[in-house]
Amino acid sequence: MAGMALNSDTPTTSKKASSLIYDPKARGIFYQVLTLAVVVLFVWMVTQNTIDNLRRANIASGFGFIQGRAGFDIGQSLIAYSSDSTYGRALLVGILNTLQVAVLGIITASIIGFIVGIARLSQNWLIAKLAQVYVEFFRNIPPLLVILFWYKGVIAVLPQARDSFNLPFQTYLNNRGLFVPKPIFGDGAWAIAVAFLIGIVATVFVARWAKQRQMRTGQPFHTVWTGLGLILGLPILTFLALGAPLTFDYPIAGRFNLTGGSVLGPEFISLYLALSFYTASFIAEIVRSGIKAVPKGQTEAANALGLRSNAITRLIVLPQALRIIIPPLTSQYLNLTKNSSLAVACGFADIYAIGGTMLNQTGQAVEIVALFLIIYLSISITTAIFMNWFNAKMALVER
Amino acid sequence: MAINSSTFIRQDMLAPQPAPLGVSGASHWFRTKLFATPKDTVLTILALALLAYLVPGMINWLFIDAVWTGSDRTACATVIQGGVLPDGQSGACWAFVDAKFQQFMFGRYPLEERWRPILVAVLFVILLVPMLIPKVPHKAWNALALFIILPFISFFLLIGGFGLPHVETQLWGGLMVTLILSFFGITVSLPLGILLALGRRSQMPVIKTLCVIFIEIIRGIPLVTVLFMASVMLPLFLPNGWTFDKLLRALIGVSIFSAAYMAEVIRGGLQAIPKGQFEGADSLGLSYWQKMRLIILPQAIKLVIPSIVNTFIGLFKDTSLVSIIGMFDLLGIVTLNQSDANWSTPVTPITGYVFAGFIFWLFCFGMSRYSAFMERHLDTGHRH
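Protein sequence lines, in the order shown, are assigned to chains W and G. Counting along the first sequence from 1, when you hit position 381 you're at 381 in full-length UniProt numbering, and nothing is skipped either side. Counting along the second sequence from 1, when you hit position 255 you're at 255 in full-length UniProt numbering, and nothing is skipped either side.
Chain G extracted, bound-state conformation (with noise of 0.2 Å):
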């Protein structure tokens, strides 16, 4: 009876619940990821807040009030500052980078021999294109031509010979040399950066050393310091009377410190490849390099693909250090324009680093978003 009496039956209805609130439509999108605690309104409206002091101010500077067309400083300074602007007025100028745009892409490259550059740019563009895309076929021979063939011919056609006129790389400069300094650190520093990971994990003790010194030592230092040693230092250690063009010393060194930095991922990769791959490969009886060359590295190297495009970012952005060093790369151009007089006002250095970021930003975010596709289409699901 007593074990009866605990039991519960229930005997009214219950009261009927609201229909449960949409779980699909703006106004729900809004009140789970704009509203949903105090805490979270409280957070949207700082940043709304933010938005609303931050960008109109933006829009105005980089589009409304910028100066768009003009001929020399007085478009882009105010009355005051003895140009043709109301007091007050600040916007982009423009008109600067308009004016020195052609100088921006190809530093002092002699006018009338600008087509070459600008033919180098196409073949690479051909060439780079199908090599991005995965579907295309005949990829060997693509990385030929871009690697190995395209180099050689762009270094004539750019410095000179076989019948055209010779152009000094003291006049190279601009987007141009940036471009030429990243492609051949990239193409350099790789290959160079896999030798290194191999030696480093090689099991004969002097190569090793002698990988794990270079290694450590060019990555505890800063690139300015490898770029100085460049070009004071090398020609301290050539024999007398040779000298060393001031990009290729340039070129050395942001390749021997881009490959350190490569031989680190290239060994991440390696470390993870499981040992029965290695021992997989010894029993069918290949050599170390077919070892290598066939079994390891293709896999060592898809698993650090990402590492591997953050390197080249990086690589890329520090072509700009080599304006440090008296060369004018994209960016070192663009500061020695604001020194000239024609174009001096308070607002032309912000809009040359603007435009010069905007073209470094564009480069880098590209490739960052190739690698996230390479990434998603490499990935054989073979990951645990």
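Excised from the complex, chain W in its bound form (with noise of 0.2 Å):
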């Protein structure tokens, strides 16, 4: 009884161990508490050790250091700052600059994009094959490649600025930027900006009533035609109304720099402008394989219904061809915000140039890479919600 006893007991204990190591639950488990053991002695390690190192270096910790004196020039900045402002400051210099060569490089790479994109689509063999050469040439070079041919490759090298070259409306081009009027508003021209957006406003509301018009009655509308006419034209008639109330401050050359105007610094246009013809060979492919994506039925299938061929492009291919073109559009447009970090190469203050300078000075390296990833994270995240809200308005609606 007892070996009875003995001989069934052992097995069912090495059953029990064993089904442990078999079941597929239990394992998971354990990889999974492994996995978080040796994340978690990895992080604490990282830190003891960065502690550690900044006590030896005597630098103190804490984001304190953003109310500190910033004691540097920034070349282009949007808002008011000088060496005496705060890091603080400065970073949102930095941030501002990064925005607008970002915004700026973005608008200009998807014209020349879908530009391209749809030139490669031509009937036309010459049109479709400098298309392709355009891609083809922009998308194997490295951008920083690009920034740096056009900074100290092509502007670097312009005349000085007692021989710029003259260009219409009293712009002036020389190795130091480009020199370009200032307007400068008179009295009461917030009312045209207000006028701008009443256009908006009330383009939004014609274009709803003249959807449910269509859907009750389908009579169509001239909507985009209404709109632009509301939302140009309203600023205009408020601008005459005025009375104009619009100077310009022109450059005028000096004997050695000219004064007067603005200017856009030689780091501005050369990144601006490798961004944007980078970025643009990449959203042409991408607009190009929306457009071939879209079947070939559908255009003979608007064409039976006869629809003009404007129509179709506009309410039958686009849409379906903007489905396909999104998500990837999406990725390029961070990756051009991205690479705007590019900056530091040719000394245009972006964040990263303004980050880099905090650095040298204060050695906050810890706090200066957090305050990069919040920035860079945030910018992404924005952009990604934006991009997705419009995808998902765009999406395919089944029942």
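Simulated from the structure, these hints should not be mistaken for lab results. Quick caveat, the model's predicted, so the values are computed rather than measured. Even glycine gets a Cβ: it sits at the ideal position worked out from N, Cα and C. Treat each hint with caution, since some may be false.
[Said to hold, decoys possible] Each computed DSSO-like pair below joins lysine-lysine, with the alpha-carbon atoms no more than 30 Å apart:
(1) K296/W - K302/G
(2) K275/G - K291/G
(3) K302/G - K291/G
(4) K33/G - K135/G
(5) K129/W - K292/W
(6) K25/W - K208/G
(7) K211/W - K393/W
(8) K302/G - K292/W
(9) K291/G - K139/G
(10) K292/W - K393/W
(11) K25/W - K275/G
(12) K296/W - K33/G
(13) K129/W - K296/W
(14) K275/G - K302/G
(15) K33/G - K292/W
(16) K291/G - K135/G
(17) K129/W - K39/G
(18) K208/G - K291/G
(19) K208/G - K302/G
(20) K292/W - K139/G
(21) K25/W - K139/G
(22) K39/G - K296/W
(23) K129/W - K33/G
(24) K39/G - K139/G
(25) K182/W - K296/W
(26) K208/G - K139/G
(27) K39/G - K292/W
(28) K211/W - K129/W
[Unchecked claim] If you want the footprint, here are the derived chain W segments under chain G, 3+ residues with CB under 8 Å:
(29) 42–55
(30) 60–70
(31) 112–125
(32) 213–221
[Unchecked claim] Here are the computed distance ranges between Cβ atoms for each label pair:
(33) W115/G - D84/W: 34 to 44 Å
(34) T223/W - A36/G: 30 to 40 Å
(35) A392/W - R114/G: 51 to 61 Å
(36) W190/W - D65/G: 49 to 59 Å
(37) N240/G - A293/W: 31 to 41 Å
Mind docking these for me? Both chains are given alone in their own frames, and the hints should help you get the complex.
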């Protein structure tokens, strides 16, 4: 009996233990606990080392340094800034500069990219080949090289200020940048901005009404032209009604430099041009594949319904192509924003360049890297949320 | 009767139609491809005008007015700039590239030791070419030699050891560093990316969360920041007294960065595999790793080869960013050499960048062509 009990006992325990080893759930938990332990241990060691190293280097931690005096100058700034401003203000200048070059770059890259992408599908052999050469050229060289090419290769060897190139509208181009007339708005100029906003709001309402009417009666309405008229016409009317309160501060060629007007520095120009041209080549490929992915039957069916070619593009092809285009386009926009950090190569004061200067002055490596992470991640996430919203709006509505 | 009157019977012969226009030959091609509609004609003329404006100038600058030989800046500068060229002439200064070519390739690697990188390059080509040609057998051994054995041999060959004099990585530079960074990045990022992608698709919440956090943070910040972290933060993370080689820091930064992108590409491939494949593998009693290695990954990776190669191309271009953290890759060394007073002329920077751009372009374009070839080669017609 005892032997029996012993015999029957041993297999059950070993069976239990082995079943625990072969139980996927138990193994899963074991692996996860193991991974988590390793990660926690790693993070703990890294933190300990960092604290040790910082203490040894006598670097105080914390974000208190943000209030300190920056003490360095920034070439191009959208808001008032001097070397007496705080680090926080300098960082804000950097964020605004990054956003400025990113937004302008995204707009330009989209325009060039759409034109080139459509040109690649052209019936015209020469146009299609030219577009292909453009894409294959810019896609296969590093963006940093394009930036340096503009900065050191082209703009730096432009003539000096006294021999500037004279462009139309009293614009000058020389090795110190592009000098453009600076608009100065007189009294009541805010009314123009208000008129512009009213135009946009009115267009939204008109579009809504037009859609409802078309749903009800089938009567189309020229929303685009009405909208353009409202958005552009209202401000222009206000402008004229106010007696054109706008003067220009023209740049004037002095003996050694140009005075007056506003300047787009060579750093900004080279970064902006390089990012736009580089990203446009990727956008062109996205646009091309998006349009090609719309089945031919869609165009043919639209033709059979008697739609005109303009309406086919606008109502049938483009909405379907956009659905395919938007997700990769989002990542290109994000790439452009992130690539704007290459500004450091040409000395444009973006977040990264200013953060680097701050690091050199204060040595607060951990805090500045944390700031980088927070700023770039929030820019990325905001763009992604907006584009996802747009994508969801454009997505196929199924039953 | 009324019905009969409405019938129509043709009485006269139709006039013969003119013979159809030629549907082949040069004139037909011109008519349909260049001058099909008035709009096309205008576009063609505009494009021709653009070409006529740009191409002769470029050919002039690159070849005809270019300076091919010379020993210092006077060869490439005009009289006003203190050189020998007539005023107003502007052409590429290929003499500069010629004089600095060795540096562009090897950086400041000691002259008498340069046979070592050359030997590594020869070994690399010998192993790479059969790897790229699908027909050559023994791919597994080839891969083992290329991805495991060669890096070891190259490491000791390049840095020294076993009787070879030590060469600091500070002295490495030029195309050599660009290629080392990209090869290492590619070799590390593909397996790491596969692991991250599997982790992200895993059923285990902890592993999944860790992978998602890692991938999304890395993808949300620019490579410059990652490299900056690798060069500034890594020394902080290590115990006192430990140091990391600068090149190694850059290697880690580049590999981590591209692994995150690779993971998303592989995940796309994994998502495209039908559920039946997973269930089929499970019903055969395969373990998780067997299932992934034998059934899922081969199909998933095949699906996303173009995107993988695009990531490789991106990585190759991104290696140029290490010049920002003070390393001299091809682009860095070209920029560095432009400040050489011996060669400073207005055309030197452009010439250097045109040369560097050409090298980068050759490699990237080659990779993209090869990926197109592989895509056709691997297309077994299972795609719907």
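Hint consistency between K291/G and K139/G [alpha-carbon to alpha-carbon, up to 30 Å]: Satisfied, since the Cα-Cα distance of roughly 22 Å is no more than 30 Å.
K25/W paired with K208/G [C-alpha distance capped at 30 Å]: 15 Å, holds
Hint check for D84/W and W115/G - Cβ pair distance inside 34 to 44 Å: The hint (34 to 44 Å, Cβ to Cβ) is violated, given that W115/G and D84/W are roughly 58 Å apart.
Straight-line alpha-carbon gap K296/W to K33/G, limit 30 Å: It holds: about 20 Å lies between the C-alpha atoms, which stays within 30 Å.
Given coverage of the stretch 42–55 of chain W by chain G, checked by CB-CB distance under 8 Å (3 or more): Since 6 is at least three, the answer is holds.
Straight-line alpha-carbon gap K129/W to K296/W, limit 30 Å: The hint holds at about 23 Å.
Agreement of K291/G and K135/G with the hint, judged by alpha carbon distance not exceeding 30 Å: With a Cα-Cα distance of about 27 Å, the restraint between K291/G and K135/G holds, given a limit of 30 Å.
Holds or violated: K296/W to K302/G, with C-alpha atoms at most 30 Å apart: Distance ~28 Å between K296/W and K302/G Cα, so the pair holds.
Restraint status (C-alpha distance of K33/G to K292/W at most 30 Å): 19 Å, holds
Cβ separation of A392/W and R114/G, checked against the hinted range 51 to 61 Å: 58 Å, holds
Agreement of K208/G and K139/G with the hint, judged by alpha carbon distance not exceeding 30 Å: 33 Å, violated
Pairwise hint evaluation, K291/G against K302/G, where the allowed Cα distance is 30 Å at most: Holds - the C-alpha atoms of K291/G and K302/G are around 16 Å apart, at most 30 Å.
In summary, the numbered hints that this structure violates are 4, 20, 21, 24, 25, 26, 28, 30, 32, 33 and 37.
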